[in-house]
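Asker: What follows is the residue order along each chain.
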Amino acid sequence: MARLLNLLQQKIDHRKEGLPLYGFLGDSGDGNTHWQFRIFDSGHKIVGNPWGGTGHSTTHHRFGICADAMHSYSTNDFGTDVTHGDLTSQAYNSWTIWNRSNYQTDQYPWAQYYTLSRAGDITWQSYHNITESFEFTVGWTKLNHVLPEGIRPRRLFCNRRQTLRELNPGNNSSGQIGYYNYSSHMLNVSNTYAVSTGYNESTKTLVMVHSSGETSETAKTIHIFKSSKDLNSVRTIKEYFDNLTATEYFTDTWTTGNNKDWVTVVGNNGYVGFGCAYGNSMRYGVFNCNTGLSLGITGAARQFSTWQDFQGSTTTRYMSDQGNQYYTKFNHTWDGTWGMIHTPYYYYGPGLNAFCMSLENPRKFISVSQTKTSRSNPYFAWGRTGFHGGWSDNCDGDTFRTYSFAFDPNDSDHTVTTKVLHGQAAAASLVGTTNDTNIASASSIQSGSVITNATGVFGIPASRTYLHGGYYSTNYPGMFQVNWWGNFGPNDMAFGGVRN
Amino acid sequence: MAIKYFNTHDGSILTDKTDAGQEAVNQGRAIAINCPDNIEDWRLKANLTTSQVIVYGGVEKNEAQAQLQRTADSAAVALANKEKSDLLLAIMEKAEEDRKALQATYNNSGDA
Chain A
1 MARLLNLLQQ KIDHRKEGLP LYGFLGDSGD GNTHWQFRIF DSGHKIVGNP
51 WGGTGHSTTH HRFGICADAM HSYSTNDFGT DVTHGDLTSQ AYNSWTIWNR
101 SNYQTDQYPW AQYYTLSRAG DITWQSYHNI TESFEFTVGW TKLNHVLPEG
151 IRPRRLFCNR RQTLRELNPG NNSSGQIGYY NYSSHMLNVS NTYAVSTGYN
201 ESTKTLVMVH SSGETSETAK TIHIFKSSKD LNSVRTIKEY FDNLTATEYF
251 TDTWTTGNNK DWVTVVGNNG YVGFGCAYGN SMRYGVFNCN TGLSLGITGA
301 ARQFSTWQDF QGSTTTRYMS DQGNQYYTKF NHTWDGTWGM IHTPYYYYGP
351 GLNAFCMSLE NPRKFISVSQ TKTSRSNPYF AWGRTGFHGG WSDNCDGDTF
401 RTYSFAFDPN DSDHTVTTKV LHGQAAAASL VGTTNDTNIA SASSIQSGSV
451 ITNATGVFGI PASRTYLHGG YYSTNYPGMF QVNWWGNFGP NDMAFGGVRN
Chain B
1 MAIKYFNTHD GSILTDKTDA GQEAVNQGRA IAINCPDNIE DWRLKANLTT
51 SQVIVYGGVE KNEAQAQLQR TADSAAVALA NKEKSDLLLA IMEKAEEDRK
101 ALQATYNNSG DA
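Listed in order, the protein sequences are those of chains A and B. For the record, in the first sequence the residue sitting at position 306 is 306 according to this note's numbering, with numbers rising by one throughout. For the record, in the second sequence the residue sitting at position 67 is 67 according to this note's numbering, with numbers rising by one throughout.
Be aware that one or more of the hints could be misleading.
Ranges between beta-carbon positions, derived for each pair [what the hints assert, rightly or not]:
#	chain 1	residue 1	chain 2	residue 2	range
1	B	A2	A	A300	46 to 56 Å
2	B	L79	A	S126	24 to 34 Å
3	A	D413	B	K82	24 to 34 Å
Partial list, derived from the structure: chain A residues whose beta carbon lies under 10 Å from chain B [to be verified]:
#	residue
4	S28
5	A91
6	T306
7	G312
8	Y318
9	S374
10	P461
11	T465
12	L467
13	H468
Pulled a few chain B residues facing chain A out of the computed Cβ check, cut under 10 Å [said to hold, decoys possible]:
#	residue
14	E60
15	N62
16	A75
Simulated from the structure, these hints should not be mistaken for laboratory data. Beta carbons: idealized from backbone N, C-alpha and C, even for Gly.
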């Protein structure tokens, strides 16, 4: 009876999803001979019902299912080749190829070009108007959310100038749900252009960066708002600001290429990480945004250590200066314990330049590098505390691979090294093949690396999934973001125990 | 010439930063190689057997020329893959035709 009572009293958060899934598309290249779409879980086990079509006609099965007018065979708008095109240096207007760009996805459940259900139904948006769609114009104004376990943002707030807006989540121009001008709550209005905003749901803390413009202006005012109301639970935005319990600010001078690239990550411990693309590199800095400590109104008084430049290899890579849609992205692991501020390594899409940070304590962070310049895929949350993606080489006669890596959810001490676990590039077991291998110390972890805080860099090896690509001959499988991973349930206990 | 660090798992470039690179070397995750100057990082890869650097397109090419070569190389690979795919498809179609012919022969033999 006591257990039953406990169960009844337990608050169920209906936003909580199961472990991450991803869509997987294999085809014959012309899109007409063979097309297969499957959904896999983080253990690369198939879920849902795969679907596909084969034929040799111009009235292909797939177009009926997907209503896919964008990539159809005879009435094609933007080419037939959804997966076989090789993304290297191309920009967004190489439509079919740019499905593979690292810029396609972030912590939000949709992608820039498509939405995909758990059942495997994928629909691409119309490329005819995509340059004016949400992500292409003002996607950079979205809030960066730090959320509880298993939850991705289900409400869409955007901050520009001194107005916080709420929209219907997704890429669309449907009417706004609400808006609120919060300038009366600001303590310093010398900079009036909101360029980055982060929110931490557990501490109900909203941190905004305002600048004197939306390009390369350096002046910054950072506001810290704390409320007794959770922004993700209020009926109107005003309710959050009507219930503020603390407001502080500080000013500073931050240099970057374009202010639209700033990402704000509000840690559970009150430290906040700010990161962005910076030239071909990236930079990341951490500031103490705890309130009530008389920390002062200058950045110097609040900054932890110094700005840290990305430690991986860099080469020509583009960002917001080349178009609003190329803004720096933020993503987080399923359990909400680790975050990732990322851009591609090369031009408009392949590879990965990233800072990964503990969301408990953003002072704990490392650089993560993957230097692919072609045959890429986006990166997604993977497993309990990891990310994967980035690989789309030919699976003809080889297993499909991903660049997967994972962290320890309890590893939040910035004074010690960070353990990163990864898979095997070669055909080898993750568990020691001889019986004398014990994981005795950090330096002897099997398929893992130990990275120095701040200045260390982790280069991700590819991991074999042992999946085939979905077509018996040449195929370059595509990975796709699923908009709902399913309700959290018994199947998700597979990840190794419920954390909270 | 400058020291750069390459991943031991696939020879891809990791970093040109001494602290991060040396840490990776100490852990067996990277090797350090002296690399020619003025070559973009994406063109560098380590030959893990000889511990020598391979420059895509050769040191005499500039980045634009190297990109042109890669586009051509990529197209050549894609074409070779397509030819192989078409060949396999033709073999499967021929096998299917043979199977149907055999079935028809069998059906007409009176044994069906």
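Asker: Could you run down the list of hints and mark each one as holding or not?
Answerer: Evaluated hints:
{"no.": "1", "hint": "B:A2 / A:A300: 46 to 56 Å", "in the structure": "violated, 34 Å"}
{"no.": "2", "hint": "B:L79 / A:S126: 24 to 34 Å", "in the structure": "holds, 32 Å"}
{"no.": "3", "hint": "A:D413 / B:K82: 24 to 34 Å", "in the structure": "violated, 52 Å"}
{"no.": "4", "hint": "S28", "in the structure": "holds, 7 Å"}
{"no.": "5", "hint": "A91", "in the structure": "violated, 14 Å"}
{"no.": "6", "hint": "T306", "in the structure": "violated, 14 Å"}
{"no.": "7", "hint": "G312", "in the structure": "holds, 5 Å"}
{"no.": "8", "hint": "Y318", "in the structure": "violated, 14 Å"}
{"no.": "9", "hint": "S374", "in the structure": "holds, 7 Å"}
{"no.": "10", "hint": "P461", "in the structure": "holds, 4 Å"}
{"no.": "11", "hint": "T465", "in the structure": "violated, 16 Å"}
{"no.": "12", "hint": "L467", "in the structure": "violated, 19 Å"}
{"no.": "13", "hint": "H468", "in the structure": "violated, 14 Å"}
{"no.": "14", "hint": "E60", "in the structure": "violated, 19 Å"}
{"no.": "15", "hint": "N62", "in the structure": "violated, 13 Å"}
{"no.": "16", "hint": "A75", "in the structure": "holds, 9 Å"}
This entry does not satisfy hints 1, 3, 5, 6, 8, 11, 12, 13, 14, 15, going by the numbered hints stated previously.
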